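Q: Residue-level listing of the chains:
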Amino acid sequence: MYQFLYDLIGNEIIAGLLVAIVPLTIILVFALFGIWLERKVSAHMQDRLGPMRTGWHGWLQTVADLMKMLQKEDIIATDADKTLYNIAPVLVFTGSFAAYAVIPFSSKLLGSEVEIGIFYVLAISSLVVAGILMAGWSANNKYSLLGAMRAAAQIISYEIPTALIVLSMVMLTGTLSLDKISQMQTSSFWNWNIFGGAIFGLSKFLLIPFMFVGALILFISTLAEVNRIPFDIPEAESELVAGYFTEYCGMKWGMFMLAEYGNMFAVSAIIVILFFGGYQSPIGYFGNSVGVQWLVPFEQGFWFIAKGLTLVFVQMWLRWTLPRLRVDQLMTVCWKYLIPYAFLNLIIIGIISLL
Amino acid sequence: MPLKTETMVLNMGPQHPSTHGVLRLELEIEGELILSVKPHIGYLHRCFEKHAEAMTYPQVIPYTDRLDYLAAMGNNFGYVIAVEKLLGIQIPERVEYIRVIMAELQRIASHLVAIATNGADIGALTPFLYLFRDREYILSLFEMTCGARMLYNYMWIGGLSHDIHPDFVRKTKEFINHFRPTIVELNNLLTFNKIFIERTANVGILPLDTAINFGASGPVLRGSGLSFDVRREDPYSIYNRFDFEIPTGKGLVGAVGDCWDRYYVRVLEMEQSLCIIEQAIDNIPEGDVKSAIPKRIKPPKGTVYARVENPRGELGYFIISDGNINPFRVKVRAPSFVNLEVMGELCKGHLVADVIAILGSLDIVLGEIDR
Amino acid sequence: MKNPEEIFELLKSEFGNTILGLEKETPTEPIITVDPMQINKVGLFLRNNNTLKFDSLMVLSGVDDANGTKIKDEDGTEMISGGTLSVYYHLHSTNLKHKITLKVSTPRETPQVESVYNVWRTSDWHEREAFDMFGIIFLNHPDLRRILMPYDWEAGYPLRKDYKNPEFYKGMKVPY
Numbered sequence: 445m446y447q448f449l450y451d452l453i454g455n456e457i458i459a460g461l462l463v464a465i466v467p468l469t470i471i472l473v474f475a476l477f478g479i480w481l482e483r484k485v486s487a488h489m490q491d492r493l494g495p496m497r498t499g500w501h502g503w504l505q506t507v508a509d510l511m512k513m514l515q516k517e518d519i520i521a522t523d524a525d526k527t528l529y530n531i532a533p534v535l536v537f538t539g540s541f542a543a544y545a546v547i548p549f550s551s552k553l554l555g556s557e558v559e560i561g562i563f564y565v566l567a568i569s570s571l572v573v574a575g576i577l578m579a580g581w582s583a584n585n586k587y588s589l590l591g592a593m594r595a596a597a598q599i600i601s602y603e604i605p606t607a608l609i610v611l612s613m614v615m616l617t618g619t620l621s622l623d624k625i626s627q628m629q630t631s632s633f634w635n636w637n638i639f640g641g642a643i644f645g646l647s648k649f650l651l652i653p654f655m656f657v658g659a660l661i662l663f664i665s666t667l668a669e670v671n672r673i674p675f676d677i678p679e680a681e682s683e684l685v686a687g688y689f690t691e692y693c694g695m696k697w698g699m700f701m702l703a704e705y706g707n708m709f710a711v712s713a714i715i716v717i718l719f720f721g722g723y724q725s726p727i728g729y730f731g732n733s734v735g736v737q738w739l740v741p742f743e744q745g746f747w748f749i750a751k752g753l754t755l756v757f758v759q760m761w762l763r764w765t766l767p768r769l770r771v772d773q774l775m776t777v778c779w780k781y782l783i784p785y786a787f788l789n790l791i792i793i794g795i796i797s798l799l
Numbered sequence: 622m623p624l625k626t627e628t629m630v631l632n633m634g635p636q637h638p639s640t641h642g643v644l645r646l647e648l649e650i651e652g653e654l655i656l657s658v659k660p661h662i663g664y665l666h667r668c669f670e671k672h673a674e675a676m677t678y679p680q681v682i683p684y685t686d687r688l689d690y691l692a693a694m695g696n697n698f699g700y701v702i703a704v705e706k707l708l709g710i711q712i713p714e715r716v717e718y719i720r721v722i723m724a725e726l727q728r729i730a731s732h733l734v735a736i737a738t739n740g741a742d743i744g745a746l747t748p749f750l751y752l753f754r755d756r757e758y759i760l761s762l763f764e765m766t767c768g769a770r771m772l773y774n775y776m777w778i779g780g781l782s783h784d785i786h787p788d789f790v791r792k793t794k795e796f797i798n799h800f801r802p803t804i805v806e807l808n809n810l811l812t813f814n815k816i817f818i819e820r821t822a823n824v825g826i827l828p829l830d831t832a833i834n835f836g837a838s839g840p841v842l843r844g845s846g847l848s849f850d851v852r853r854e855d856p857y858s859i860y861n862r863f864d865f866e867i868p869t870g871k872g873l874v875g876a877v878g879d880c881w882d883r884y885y886v887r888v889l890e891m892e893q894s895l896c897i898i899e900q901a902i903d904n905i906p907e908g909d910v911k912s913a914i915p916k917r918i919k920p921p922k923g924t925v926y927a928r929v930e931n932p933r934g935e936l937g938y939f940i941i942s943d944g945n946i947n948p949f950r951v952k953v954r955a956p957s958f959v960n961l962e963v964m965g966e967l968c969k970g971h972l973v974a975d976v977i978a979i980l981g982s983l984d985i986v987l988g989e990i991d992r
Numbered sequence: 043m044k045n046p047e048e049i050f051e052l053l054k055s056e057f058g059n060t061i062l063g064l065e066k067e068t069p070t071e072p073i074i075t076v077d078p079m080q081i082n083k084v085g086l087f088l089r090n091n092n093t094l095k096f097d098s099l100m101v102l103s104g105v106d107d108a109n110g111t112k113i114k115d116e117d118g119t120e121m122i123s124g125g126t127l128s129v130y131y132h133l134h135s136t137n138l139k140h141k142i143t144l145k146v147s148t149p150r151e152t153p154q155v156e157s158v159y160n161v162w163r164t165s166d167w168h169e170r171e172a173f174d175m176f177g178i179i180f181l182n183h184p185d186l187r188r189i190l191m192p193y194d195w196e197a198g199y200p201l202r203k204d205y206k207n208p209e210f211y212k213g214m215k216v217p218y
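Residue numbers (our numbering), protein chains in the order written: chain A, 445 to 799; chain B, 622 to 992; chain C, 43 to 218.
For the record, the hints were derived by calculation from the structure and aren't laboratory data. Don't take each hint at face value.
[Claimed, not checked] Selected chain C positions facing chain B (Cβ under 10 Å, derived; list incomplete): (1) ASP97; (2) SER98; (3) MET100; (4) SER103; (5) GLY104; (6) VAL105; (7) LYS139; (8) THR143; (9) ARG163; (10) TRP167; (11) GLU171; (12) ASP174; (13) MET175; (14) LEU186; (15) TYR205; (16) LYS206.
These figures come from a predicted structure and were not determined experimentally. Don't be surprised by glycine CBs; every beta carbon is placed ideally from N, CA and C.
Using the sequences plus the hints, can you model the full thing?
A: Rendered as structure tokens:
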């Protein structure tokens, strides 16, 4: 997309800026929509209605909340470490925002075409840990400190199963670039990676159960990465008031929330790309059959966002159904169950891919 | 050279989303491990006992409502029984039946709050909404009878303040039919949920002899295995006419006496209350609910200790009368006051997250702890 | 199951003079009066004896008997001097299903009672409350401090009959 804009405008800097703004807009619009969706989903699951007055069924509620947050007074505790306190939300937001640079929304809408796509995502989302630790320490509050310590332990531990599953997919498809992985799963849903990949043969059928296991492990580990129930010990409302962002108010808290929803969509996008065919449609393209070629990228964008939203909906569904795990049980799940299974998965997929 | 370490003192302060009121827990923790827990109470002390000495006997009844504000019918019941024992009067049958039905409905309502907040503290936010929806039915039954949803002033010395509404029996039967499937839904959603069991089984195990020594009562004592219920041991009103079981903790998914057992005892007690209401609702005799209320309540000199089975445990009233129209001394033995003492014993060796689970399973209300 | 007269006879044969009497005029239950300094031994006997087995203390209440003489203080307030403060113990047994009530009385000026902390752990907070509200000192209690009033409340013991609210507490005006 950078190339397209450069040819259009001719100026490197402006093209670069525009390329950066598109994912930013997507993340902001999604956060707006995501918060409203969460409130409505949780309300209907709990046999009540949710926001109904601001706009049609309350869809402007997030806009109202945003305007309220922008007007709030920014109170900082006297003993808080001011530099770290101010930098922490920026770091957390950057970590989740930067991951969007390599996520392909359609075959033409890609932030930057680096070859190391998924590796870059894993690396830059680890920046979030530093931000969380800074937030917890600088607030000078014992609850924040406890929440930050738990969050750091949780995020760092759950990166390992994520990396192992990603490694097995990279091994199977042979490339790190998310765009190429999406392109490999073309023409119908039978070619998606979760059904064994595009190459027809014995190995495809052998792979199917292990792909399902891999997708499940990846879904659980990324749920822990974004601190959602059942893994939301760092922000456990009834225990630690609000964990590492107890002392934040106004727009800084808004940045943490934006980062959380941005993260949710980003990890859903990664799972969709790795397993569910990326932006490919499951049933073929309307534009192709009618002959209107320029419609195809829009359809791909639509399918990508639909699949991503389905996974986000499943994440929200789990949040309102299950209780939360205690911190040592969380660690047990990661180190004693997910990592051995992910390893086993890796080895078996490697063997099968040699066939 | 050994590393100098310090333990951290964390205050789960008077204002906290999950301490069920204004309770201050001083935790001494090392990382996540708890070394000691000291509860500090007194934030809601309203000097009920001193007020009772300045009021006449009927005027004390609204004050007793406000002790355990989630189970107000039970508080009224206890006080009224104590004064009636001192006076030695006979109560009409209709009054007795209605009192029992109200007390059992209140038991269900109070257990709904206890279970819902227990689940909400552990993180399951949805059963909270479902159970409060069902509690609304009970509160509207109460509102139909005496006009108030939470603090009733309903049971008077010698009778009741209002007779029941003509629609009350029909609506109570509708409620019973509506509520039985909800308990099944609750069991599927929360009670046998694997994560909930992980959080509450084998946590906060209370051995039976410790429980008796500390004077625990109610679901806390029954969860540890002893089948002790004031309605059977020391029958008051007409409870000896009804056939109901007393659920105890049997250690189905963990040790006997852990948090899950106390929680499950409450779920089973709700079903038993439904049985009692079913037996009583069809047999209410005719009569006048105010016929036995004496004109002047001046008990003879003496002391009495009467106890009732409140949803939280054994609620006792110790009343000393010196022949005046005001009581000389009213002492309330609040079940949560005694149950909270166990907290220091239960929390040793657990993690910070377990303190919340244990506190939720003890089910305390600060109104009656501080009086 | 024993009734109170039998329990009284058993205690009298064991402890002799320290069991001061059995009051039977009360309409509901007879009360056994005990010497305040012996209540610990009596409690241990009641708990450990196989025919009695009182393993549960239901409630421990302090009472201001108000049986002293009323005198007027310098500023016209009525004080009571002399008389006694009492503590009532209600016990029951979970196995043998019987109940008994004990009572100790101490002089108002120096109220001291033996603590039964090591007999029934329930008495921990109950005795703290009796100390807080009446000023009764329980000897050998491990942690006797105020429980319901603020820890540094200096103005007396609220449930006594001659208690008056102070004017100020830490700069805040007390009378509402």
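Q: Take the shortest C-beta to C-beta distance between C:SER103 and chain B; is it under 10 Å?
A: 4 Å, holds
Q: Take the shortest C-beta to C-beta distance between C:GLY104 and chain B; is it under 10 Å?
A: 8 Å, holds
Q: Quick one, is the C:TRP167 hint okay against chain B at 10 Å, beta carbons?
A: 5 Å, holds
Q: For the hint on C:TYR205, just tell me whether its beta-carbon gets within less than 10 Å of chain B.
A: Hint holds; C:TYR205 Cβ to chain B Cβ min 8 Å, cut 10 Å.
Q: Quick check on the hint: C:MET100 CB to chain B CB, less than 10 Å?
A: OK, holds: C:MET100 within 10 Å of chain B, min 6 Å.
Q: Hint validation: C:VAL105 versus chain B, beta carbon distance must be below 10 Å. Holds or violated?
A: Where the cut-off is 10 Å and the nearest Cβ of chain B is about 5 Å from C:VAL105, the hint holds.
Q: With chain B as the partner, please determine if C:GLU171 meets the hint condition of a C-beta pair closer than 10 Å.
A: 8 Å, holds
Q: Does C:LEU186 meet its interface restraint, that is, does its C-beta lie within less than 10 Å of any C-beta in chain B?
A: 15 Å, violated
Q: Given a cut of 10 Å on the nearest C-beta pair, is the interface hint for C:THR143 held or broken against chain B?
A: 7 Å, holds
Q: Take the shortest C-beta to C-beta distance between C:LYS206 and chain B; is it under 10 Å?
A: 12 Å, violated
Q: Can you verify the interface hint for C:SER98: is its Cβ closer than 10 Å to any Cβ in chain B?
A: 6 Å, holds
Q: Classify the hint on C:ASP97 as holds or violated, based on whether any CB of chain B lies nearer than 10 Å to its CB.
A: 5 Å, holds
Against the hints set out earlier in the document, violations occur for numbers 14 and 16.
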